[in-house]
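Residues 0 to 262 in numbering that gives the first Met the number 0 are what the sequence shown spells out, letter by letter.
Simulated from the structure, these hints should not be mistaken for lab results. Computed from a predicted model, the values in this text were never measured in an experiment. Heads up, some of the hints might be wrong.
[Stated by the list, open to error] List of simulated lysine to aspartate or glutamate pairs, DMTMM-like, C-alpha gap at most 20 Å: (1) K261 - E190; (2) K82 - E22; (3) K128 - E22; (4) K77 - D17; (5) K197 - D232; (6) K187 - E247; (7) K12 - D55; (8) K12 - D71; (9) K261 - D184; (10) K261 - D108; (11) K248 - D42; (12) K187 - D55; (13) K90 - D71; (14) K261 - D10; (15) K77 - D10.
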Amino acid sequence: MSNIFHLGNTDAKQQITDTFGSEAKFCYSQADIKAAHSYMVTDNMSPLDCLSVIRDRKITNVVQNSIQCLSDKLQFLKTIDYKFEDYFDPKLSLLSGDVVCVPFMLTEDRTEVIQKAFLQAYLDLDMTKYQYLFQVATELVMNAQIDAPKISKKTNVANSMLIVEKNMAKGLVSISTIDHYGSLDPYKMLENIYAANKNGFRDSMSKNSIGAGLGSALIYEHTDSLVMGVIPDVMTRVSAILPYGVSEKKINQIQKSIHIIKG
């Protein structure tokens with residue numbers, strides 16, 4: 000399968016070729032990007048512009064070098080490109096760390112589920128220092144407990160899963176949820192995030208003016224990479240890859256990446 004790469008403000012052609020080999024095809028005009036299996040590999044693209052290019056072009060990936068390095072992101076995409084179903088395996092390692100999986104029911108207490116997963120993953124539970132980890136995990140679990148079943152017509156589905164993985168050497172932690180509804184529309188989720196960011200995320204938070212988009216925007220606000228995968232009417236996995244144990248300076252220099260995986 001050929002994969003179309005648009006090179007933005009970056010010189011990453013050799014890295015891409017080393018990872019994807021002859022499957023990598025390059026285009027140099029944004030107008031030539033095709034929706035299916037299209038990647039924009041770039042640098043210095045703002046969080047809002049990342050959302051905008053995916054929304055306008057309906058491409059599947061915007062990839063930037065950041066705390067999660069470009070080579071790791073490309074290797075992940077190569078793995079998923081070979082067999083997209085692997086992304087929905089809760090044991091899949093996103094960061095080459097130890098993967099912790101905690102199942103939860105629709106009615107289960109979110110705080111207890113999150114604390115259990117964080118403890119097993121040996122995450123720092125300092126709410127002052129790492130409040131954003133709790134916030135992101137809470138939003139992801141809420142989506143699986145409330146939003147997914149509300150949209151879907153399925154009943155009596157299997158328990159959802161909270162998945163946490165830490166890699167201190169990389170300065171990253173991943174937080175994922177898997178649900179068995181398969182009701183996520185990734186482009187709609189990104190549209191909600193775009194609306195919240197376009198109107199000023201922090202202003203929207205104070206005014207509560209964007210509604211459902213605020214939770215998704217909060218997740219995006221803190222991520223290095225946001226991965227959204229869906230097999231319609233079967234399963235959804237959303238993963239937030241976040242900075243952990245790194246300086247505020249590095250956090251402020253994050254260049255966001257977005258990946259959409261559809262079955």
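Evaluation of the provided hints:
| no. | hint | verdict |
| --- | --- | --- |
| 1 | K261 - E190 | 17 Å, holds |
| 2 | K82 - E22 | 15 Å, holds |
| 3 | K128 - E22 | 43 Å, violated |
| 4 | K77 - D17 | 11 Å, holds |
| 5 | K197 - D232 | 31 Å, violated |
| 6 | K187 - E247 | 31 Å, violated |
| 7 | K12 - D55 | 24 Å, violated |
| 8 | K12 - D71 | 15 Å, holds |
| 9 | K261 - D184 | 10 Å, holds |
| 10 | K261 - D108 | 30 Å, violated |
| 11 | K248 - D42 | 17 Å, holds |
| 12 | K187 - D55 | 12 Å, holds |
| 13 | K90 - D71 | 18 Å, holds |
| 14 | K261 - D10 | 28 Å, violated |
| 15 | K77 - D10 | 19 Å, holds |
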